[in-house]
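Asker: Here's the letter readout for the chains.
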Amino acid sequence: MESITFALSKGRIAEAFLKAFDAEEAMTSRKLIVQVGNIKMIMVKPVDVPTYVANGVADIGVVGRDVILESGESFYELLEFPFSKCTLSIAGFDQNINLEAPMTIATKYPNICKQYFPLCKTIYLNGSVELAPILNLSDVIFDIVETGTTLRENGLSIIKDILTINPVLIANKSSYKFNQAQIDAVITQLNR
Amino acid sequence: MKSNLLIINQNKYAMQALLMKLYAKYGYRQVSIPACESLASISELEKRYPSHTQVKFMDQSGEIFYLQNDPTVSVMKMLRLSSASNIEQKICYYAPTYKWGHRQLTEETQIGVETFGKDTLLHDLEIIVLAVKSLRLFTDKVMLDIGDVNFLETLLESMPFDSEQKQTLIKALPSKNMMTLKELTLFQNTTDETWNLLKSLFKLFGPTEIVLENAKQLIEQITFEDQSLKSKLNTLLDQITARSILLKSYELLEYTQLDFTLKPELKYYNGLVLKGFIKNCPSEVLNGGRYDQLSTEFGKANCAAGFALTLDLLMNYTEVKKMTRKNSLLLLETELTAKGIQYAEYYRQKGFEVNLRTYETEKEAIDLATKEHFEKVIVFGEVSAKVIDIRKDNVQKMPYATFDQYLTVADTNKSIH
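In the order they appear, the protein sequences are chains A and B.
Quick note on numbering: numbering that gives the first Met the number 0 labels position 19 of the first sequence as 18, and the sequence is numbered without any gaps.
Quick note on numbering: numbering that gives the first Met the number 0 labels position 375 of the second sequence as 374, and the sequence is numbered without any gaps.
Excised from the complex, chain B in its bound form:
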């Protein structure tokens, strides 16, 4: 049971820092997400996505606000107002979100990435790669389900179902159980041939290569009244296949599987749909996909894709690796002297994180340094300094003349990752 809030918060920050560093490597810039938005600033378009879980409050003037619950919508609003919204944008964020759940207010931290402006194979691929890598920062037991709303809807359009039947199918598909449909009067007149098609559709999930082959076979089984649909399905499947081949070159294919039965949680997805899972966590920790449609509804047609992961879930079911604090020094003296203070200030100016302490026994001091993840411990003696590298577990004793030039930030700037 977690009872140390300080450690929890420190771990949360450490995880956030790792993720932001990953996204920065791919050119994503962090933005700040507002903690609340006024209801008046929500356009009619946003009201299409009402949520009974939204937390609303009123200020003293009677204006209604809601606590942040969907950072993607806030980012869309920022882009709508920005003159630069027609060029490619790569954004990442860290935002507490709030909702009513189980009759109480819940707060969850979301970390997400959004890419705007381009709809290419490369952009979808990058989102998938970042989703897998985000989870793999903390555990190897990762599975990312990849679906495609476009492919599913086109497949259903090609089959002999009316719109009510299609809606029922879309609701039933995620459970992988088509037996429930057989009980419904809605499907009373379904032919054996169509049931066979449905059986194949309900099985379109699993290892990528197998699902791609099964999808190809399903397309061949369908009798198309409109040949353009067949052409569209084959084109979509070719794109998904090409993307899977590229994903293989990242050596990440084994952490993903295709699932064409995926139904996105939010209505604004069109195309790629993602759900990320880690072992022992009972629900998905990551949701994402492509949502060009949302961007258009905000007034500026723009390609948009991204994902968000729930940091709290990730924290509960993984461990933050114990990381040495980069460029950190613990300076030790038997009693505080001007020399110690001067060295501490000198190394702070050089860019180190410095703690100056007095100590009784060297062993206790080293134990403390290890526990607090310092990179090096410097013990000041009369004529020499002892440099203890905690990470490399080695000790060097040197006269002060040598020691003065020994440490540089570049020297200690090696990450353990």
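So here's chain A without its partners, still in its complex pose:
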């Protein structure tokens, strides 16, 4: 069977995959390319997974739905993982803010934000997005919320949950057509 390439980032997904394929020792290695049977795993940053899959360098990849949506690329989404679930939410100081009205939103996800809040001005921030409303850079933030601890500790609270995010196995559409058997075998193994 021809080899396929699987892009993923180190962490829980990689652990689950390596465990499913009896290759856990690869987790301690610093290698960026690891061969597991007929699957070539490439360890990349989460934000880069869609790039590798969209360009066909990787046939499949696992990444959070937030990264997929923000990339704007189109894939087959073949499997959703039930763990590492979180939410993309609007958060701020004012629980009564009118979300239909124009406002300034600080976010790491300007593309997703524009889809849900087309009238708003978005300010892109790469990290510590919670600072933006504290320093009057924005009215609210649009960001991933897991436990909500960071928000609470900075005096912010969730105003509205917008989207649930979880890891997804994506496939390059063209790759799926010519490597379906191998990709389906990976899904079967991951489902066990």
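Certain hints may be false.
Below, in silico cross-link-like pairs of lysine-lysine (DSSO-like), each with a Cα-Cα straight-line distance of 27 Å or less [as the list claims (entries may be wrong)]: (1) B/K175 <-> A/K84; (2) B/K117 <-> B/K266; (3) A/K84 <-> B/K181; (4) A/K113 <-> B/K170; (5) A/K9 <-> A/K30; (6) A/K107 <-> B/K181; (7) B/K98 <-> A/K113; (8) B/K325 <-> B/K338; (9) B/K175 <-> A/K39; (10) A/K84 <-> B/K202; (11) B/K140 <-> A/K39; (12) B/K170 <-> A/K107; (13) A/K113 <-> B/K266; (14) A/K113 <-> B/K175; (15) B/K170 <-> A/K159; (16) B/K165 <-> A/K113; (17) B/K262 <-> A/K113; (18) B/K175 <-> A/K44; (19) B/K181 <-> A/K113; (20) B/K170 <-> A/K84; (21) A/K39 <-> B/K278; (22) B/K181 <-> A/K159; (23) A/K113 <-> B/K55; (24) B/K20 <-> B/K370; (25) A/K84 <-> B/K198; (26) A/K159 <-> B/K165; (27) B/K170 <-> A/K120.
Computed beta-carbon distance windows for the label pairs [unchecked claim]: (28) B/E250 <-> A/K120: 53 to 61 Å; (29) A/T148 <-> B/G61: 58 to 66 Å; (30) B/Q238 <-> A/S156: 54 to 62 Å; (31) B/T295 <-> A/E72: 28 to 36 Å; (32) B/D225 <-> A/T103: 43 to 51 Å; (33) A/E23 <-> B/Q220: 38 to 46 Å.
Hints in this document: simulated from the structure, not taken from any laboratory.
Backbone N, C-alpha and C define an ideal beta-carbon position, used for all residues, glycine too.
With chain A's structure known, arrange chain B on it following the hints.
Answerer: What follows is chain B alone, placed relative to chain A:
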């Protein structure tokens, strides 16, 4: 990494020539597509399909033009102005197209076919056959996804969804993932029965016979308030089945699969939708389908179908087979003489492509002929000519009296394909 632009362009032309030859065999005539069109000549109808990727510029008088980005629209405009637009037309073209992509101007060469005037099973079938054959000219690793917008829309109309839900479904279907819908408040009140229908709908892609059977079963599962919809769906499915049987007789069915979850890129498709893929190319190289609606919006109701493929993508992921140049002769002399010149001119008049060269060693000359894909090499001696057939790898030596009558264009007009 490609660095030889001359070879790239020669290969591009060779691919284009092969494709145009294929389309000519099916009665398609090549037209020239304008490189740019004035914005003023665009009707209100075209403005329904604005594209933020269009490249516009202004001339010295202030008139705005745009660089060609959709040859189908240009062909429609030609037909609108033509008095012959009500009869069947079969057109093919080769056109550079331009758009803004990734913050820079990109140029791609499109090759396409369009058929106008008839909406029959045969016309849809011909478009499908040509799409597969176009890609198979360059590789055997081909897959053509065939969808049907009409069938999908009628299926959705038969299910208990409002228009907002339908729009959301149409956006979600291409990803093959219905799990995202379960998170949406829009689908909060969806019954288990409807989720089961959706599960079947999201799986309507794959090998033709399996998908046809699954589609039939899905139709049986739906509770129809309007029986005419059920009748319409069954009729559409029968037509698709009939077309698939005919496609099998072309021995091309294995290069296609049905995908009723396909959403066309452009709004003007109604009916057949095509996306063509080749192995190792990360995106589709071919898009097409039926777009009767576009033709009507251009003022003349007309059936229209076709496809376009992106030659640049095809070039990047396939190889142009090394082709012998038909009717090509390399004439060799140790030094240039009147005899050589006369023979060269004689064979040019007969229709051959002729190169006359001097040579030092025969081996070097044959190596050159092989590298440049000449069909035959003629080495002129004192009393005889040596004819070396590069393609057949054979050598004949003959006196000039025999040689003078030996070569004819008909003799060398055998294609290796």
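Asker: Could you run down the list of hints and mark each one as holding or not?
Answerer: How the hints compare with the structure:
1. As the CA atoms of B/K175 and A/K84 are separated by approximately 20 Å, the hinted pair is consistent with the 27 Å bound.
2. Annotation: proposed proximity of B/K117 to B/K266 holds, straight-line Cα distance about 21 Å (limit 27 Å).
3. Taken as a hint, the A/K84 and B/K181 pair is honoured in the structure, with Cα atoms around 15 Å apart against an allowance of 27 Å.
4. Taken as a hint, the A/K113 and B/K170 pair is honoured in the structure, with Cα atoms around 17 Å apart against an allowance of 27 Å.
5. Proximity of A/K9 to A/K30 is assessed by CA-CA distance (about 11 Å); at most 27 Å being required, the pair is judged to hold.
6. Our distance criterion of 27 Å between C-alpha atoms is met by A/K107 and B/K181, whose separation comes to about 25 Å.
7. In summary, the hint linking B/K98 to A/K113 is supported, as the alpha carbons are separated by about 23 Å, within the 27 Å threshold.
8. At most 27 Å may separate the alpha-carbon atoms for a hinted pair to count; B/K325 and B/K338 meet this at roughly 24 Å.
9. For the suggested pair B/K175 and A/K39, the alpha carbons sit about 25 Å apart, so the restraint of at most 27 Å is met.
10. The straight-line distance between the Cα atoms of A/K84 and B/K202 is roughly 25 Å, inside the 27 Å bound, and the hint therefore holds.
11. For a cut-off of 27 Å, the pair hint linking B/K140 to A/K39 stands: about 22 Å separates their Cα positions.
12. Taken as a hint, the B/K170 and A/K107 pair is honoured in the structure, with Cα atoms around 24 Å apart against an allowance of 27 Å.
13. Distance check on the hinted pair: A/K113 and B/K266 sit about 22 Å apart at the alpha-carbon level, within 27 Å; holds.
14. Distance check on the hinted pair: A/K113 and B/K175 sit about 24 Å apart at the alpha-carbon level, within 27 Å; holds.
15. A distance of roughly 24 Å separates the Cα atoms of B/K170 and A/K159; the hinted pair therefore holds under the 27 Å criterion.
16. Note on B/K165 and A/K113: the hinted pairing holds, with a Cα-Cα distance of about 22 Å set against a maximum of 27 Å.
17. At roughly 23 Å between alpha-carbon atoms, B/K262 and A/K113 fall within 27 Å of each other, so this suggested pair holds.
18. Of the pairs offered as hints, the one joining B/K175 and A/K44 holds, with about 25 Å between alpha carbons and a cut-off of 27 Å not exceeded.
19. With a C-alpha separation of about 22 Å, the suggested pairing of B/K181 with A/K113 holds against the 27 Å cut-off.
20. Pair hint B/K170 plus A/K84 holds up; C-alpha atoms about 23 Å apart against a cutoff of 27 Å.
21. Restraint check for A/K39 and B/K278: the C-alpha separation of about 18 Å stays at or below 27 Å, so the hint holds.
22. For the suggested pair B/K181 and A/K159, the alpha carbons sit about 18 Å apart, so the restraint of at most 27 Å is met.
23. A C-alpha spacing of about 26 Å is found between A/K113 and B/K55, which places the hinted pair at or below 27 Å, so the restraint holds.
24. A threshold of 27 Å between alpha carbons decides the hint, and for B/K20 with B/K370 the separation of about 24 Å falls inside it, so the pair holds.
25. A distance of roughly 23 Å separates the Cα atoms of A/K84 and B/K198; the hinted pair therefore holds under the 27 Å criterion.
26. The hinted pair formed by A/K159 and B/K165 meets the criterion: a straight-line CA distance of about 25 Å does not exceed 27 Å.
27. The straight-line distance between the Cα atoms of B/K170 and A/K120 is roughly 25 Å, inside the 27 Å bound, and the hint therefore holds.
28. The given range of 53 to 61 Å is respected by B/E250 and A/K120, whose C-beta atoms sit roughly 58 Å from each other.
29. Range check, A/T148 to B/G61: Cβ separation about 60 Å, and the 58 to 66 Å hint holds.
30. Between B/Q238 and A/S156 the CB atoms are about 57 Å apart, so this pair conforms to the stated range of 54 to 62 Å.
31. Taking the beta carbon of each, B/T295 and A/E72 are about 34 Å apart, inside 28 to 36 Å as hinted.
32. For the pair B/D225 and A/T103, the supplied restraint of 43 to 51 Å holds, since their beta-carbon distance comes to about 48 Å.
33. Take A/E23 and B/Q220: their Cβ atoms lie about 44 Å apart, and the range 38 to 46 Å holds.
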